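Protein sequences, first through last, are from chains A and B. Numbers 1 to 120, taken from the UniProt record's numbering, label the letters of the first sequence in order. Numbers 1 to 478, taken from the UniProt record's numbering, label the letters of the second sequence in order.
Worth flagging that the hints you see were computed from the coordinates, not collected in a lab. Do not take every clue at face value.
Unchecked claim - Chain B regions said to be covered by chain A (calculated; three or more residues, Cβ under 8 angstroms):
hint : segment
1    : 63-75
2    : 154-165
3    : 180-190
Said to hold, decoys possible - Rough simulated footprint, nothing fancy, chain A against chain B, three-plus residues with beta-carbon under 8 angstroms:
hint : segment
4    : 265-276
5    : 329-336
To be verified - Per label pair, the in silico range of CB-to-CB distance:
hint : chain 1 : residue 1 : chain 2 : residue 2 : range
6    : A       : 87        : B       : 349       : 48 to 56 angstroms
7    : B       : 44        : A       : 62        : 30 to 38 angstroms
8    : B       : 3         : A       : 106       : 48 to 56 angstroms
9    : A       : 62        : B       : 446       : 41 to 49 angstroms
10   : A       : 83        : B       : 349       : 45 to 53 angstroms
11   : A       : 46        : B       : 367       : 21 to 29 angstroms
12   : A       : 61        : B       : 426       : 48 to 56 angstroms
13   : B       : 188       : A       : 94        : 21 to 29 angstroms
14   : A       : 65        : B       : 426       : 39 to 47 angstroms
Please read these numbers as outputs of a predicted model, since none were measured by experiment. Yeah, the Cβ is synthetic: ideal placement off N, Cα and C, and Gly gets one too.
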Amino acid sequence: MSPEDLPPPAGGRVRVTADDAGPAPARGSSSGTEDFYVDQLRRAQLRLSLGVACGFLAVLSVLAVVVATWELLEAVRWGGLPLSWWLIGFSLYPLVLGAALFYQAAARRLERRYRRLARP
Amino acid sequence: MNAVANGLAIAVVCLATVLIAVRGLGSRHTTEDVFVAARSVKPWWNASAIGGEYLSAASFLGVVGLIALSGRDGLWYPVGYAAGFLMLLLFVAAPLRRSGAYTLPDFALVRFGDERAARALGYAVLGVGWLYVLPQMHGAAVTVTTVMGAPAWVGPLVVTAVVIASVVPGGMRSITLVQAVQYWIKLAALAIPTIAVALVLGGGPFEAGTHAAGAPLPESTLSPLVTVSLLLALVFGTMGLPHVLVRFYTNPDGESARRTTVMVTGLVSLFYLFPTTLGLLAVASGQAAGAGDATVLLLPGSVVGGIWGVLLTALITGGAFAAFVSTSSGLCIAMAGVMSRRFFSGSVSGFRRGALIAALVPGLLSLVTASSAIAGVIGSVFALTASTIAPVLLAGIWWRAANGAGAVAGLVTGATVWLAGTAATLLGAGGMLGGLAAQPALLSVPAACLAIILVSLARPDRGPDGALDAVMRRLHTP
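In isolation and in its complexed conformation, chain A is listed as follows (with noise of 0.2 angstroms):
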């Protein structure tokens, strides 16, 4: 097992490997245990972004079917103008501003839980 694989040492402790555990990467600062985290927060960002993104593209893909298909969203008339009409045209503008604010706060903690892990 190398010290790669191995869980990140608790706070406030440094791992220290054998004198025979073989010479240190030659790359200087970037190092495997770096690597390692920089791939650890590119997967969780990518999972977040993900998640999201399938969120509310599910949104828009679920109004788009019903839309089309329920007649009563079209019967239904505010203003003279059908109920879908109104959906569509304002509801939804709130959920993608919704969406932007919450994953700007949570990619902002990933890099905060980044950088107190790979640069303590």
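Following the hints, position chain B against chain A.
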């Protein structure tokens, strides 16, 4: 009277644009200034500038026109345009800024280290750019013939001249302020007439049953599948728009690039409330029916009337020109950056030569092509970027195994499928397949992604040892 007021409005917007651009010149003309405004643009300014650049003829004229023309189908466009920035935020904004590249081809060099991929991405930027500027020119032509009775060529001529005068001397630094101001001009130029029209109509058209007595509502013709394909194009297309992406390089760092994107999402959403409302008012009141892209120019005059109607029309005319000029100059900057780095050795004078070519080509093209529904044409360009530039960016940023050969394959495949769909539509394909051919994103985006994946896996090329790790670290660490 009307023609004079509208002509004055156009003149004021164009003169103000050139003046602000020249004032912003200052004394510094380094490469960093001209290409990316020395990477020192504050998020708030940058957000206004991106909003100013993004809200094009399609948003200003096209959305209202499409709602009036096709009702529910048209309402999806502004939603897709706004949601595009959410996707940009989720997948591209921060990593792209951290890449440190000046232009999209530079990004390909940083990430793939592959000259062919950079060249292919450069051609994609030029193709998308010119296809996107063309409808702006057509919008200008429609506007001058509608509100001034002038010959159609006057519009493209004015837009081309203003773009050249404001972009060529100062590049990105001088244009940032112009774009930021133009967002607020456009917002005011649509918000005030919308509110005025709503007040004059006084809820009349929105009273239940009013419309039932009048003309029938415009019919929706898109099947749900085609609607989803359209939304896919709009949502992922924004991510690949060169003039929007080039603005992200002007942020100081990744975190501010993200903050900028959230602000743009808010600004753009706020803007779209007004064309949507105006479109609904146009349908509900039955006024300015059948005017297509000119609906937004005619509605306030026909509803409000008198001197106020004249002033409101002049205001909208000015705003429309702000839209044509700002989008065209943004694209011009993106294309000039690419051309200068690819063909003119990346110098400042090369940037200027590139800007000149970038502005003149669509100006000339617009004289020999005909205008059709602007938002529809722009929707088609979104489908093109969604199936070429966007998948390459996504793969490059998030997938370690993606490489230059895969990127080239993705660009070629996406463009080919898009081209086949567009050709089939022009030849008059009908039915379910015809609908998808007109909105090909549902086919072309997966095809491009598949090509990137298969070719990247078939021809693995990790580059020199450790280089990939270094790039990934740069893209993804705060």
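**residue 446 (chain B) and residue 62 (chain A) - C-beta distance against the hinted 41 to 49 angstroms** = Since the Cβ atoms of residue 62 (chain A) and residue 446 (chain B) sit about 20 angstroms apart, the hinted range of 41 to 49 angstroms is violated.
**Three-residue Cβ test at 8 angstroms for the coverage of the segment 180-190 of chain B by chain A** = As far as the segment 180-190 of chain B goes, the hint is violated, because 0 residues have Cβ atoms under 8 angstroms from chain A.
**Message:** For the hint 21 to 29 angstroms, verify it against the beta carbon of residue 188 (chain B) and that of residue 94 (chain A).
**Reply:** Hint holds: Cβ distance 23 angstroms, inside 21 to 29 angstroms.
**Request:** With respect to the beta-carbon atoms only, verify the hint that residue 3 (chain B) and residue 106 (chain A) lie 48 to 56 angstroms apart.
**Result:** This hint holds: roughly 54 angstroms between Cβ atoms.
**Asked** Is 48 to 56 angstroms a correct range for the gap between the Cβ atoms of residue 61 (chain A) and residue 426 (chain B)?
**Response** violated (28 angstroms)
**Prompt:** Taking 45 to 53 angstroms as the hint, is the beta-carbon distance of residue 83 (chain A) and residue 349 (chain B) inside that range?
**Reply:** Violated, at about 58 angstroms.
**Cβ separation of residue 44 (chain B) and residue 62 (chain A), checked against the hinted range 30 to 38 angstroms** = At 35 angstroms between Cβs, range holds.
**Request:** Evaluate the given range 48 to 56 angstroms for the C-beta pair formed by residue 87 (chain A) and residue 349 (chain B).
**Result:** The hinted range 48 to 56 angstroms holds for residue 87 (chain A) and residue 349 (chain B), with Cβ atoms some 53 angstroms apart.
**Request:** Please test the hint of 21 to 29 angstroms on the beta carbon pair from residue 46 (chain A) and residue 367 (chain B).
**Result:** Cβ of residue 46 (chain A) to Cβ of residue 367 (chain B): about 46 angstroms, so the range 21 to 29 angstroms is violated.
**Prompt:** Mind checking, does the segment 329-336 of chain B have 3 or more residues with a CB under 8 angstroms from chain A?
**Reply:** Check failed, 0 qualifying residues.
**Message:** At least three residues with a C-beta closer than 8 angstroms to a C-beta of chain A: is that true for the segment 265-276 of chain B?
**Reply:** holds (count 6)
**Asked** Okay, the segment 63-75 of chain B and chain A, do three or more residues pass the C-beta test at under 8 angstroms?
**Response** holds (count 3)
Checked against the numbered hints listed earlier, the structure breaks hints 2, 3, 5, 9, 10, 11, 12, 14; every other hint is satisfied.
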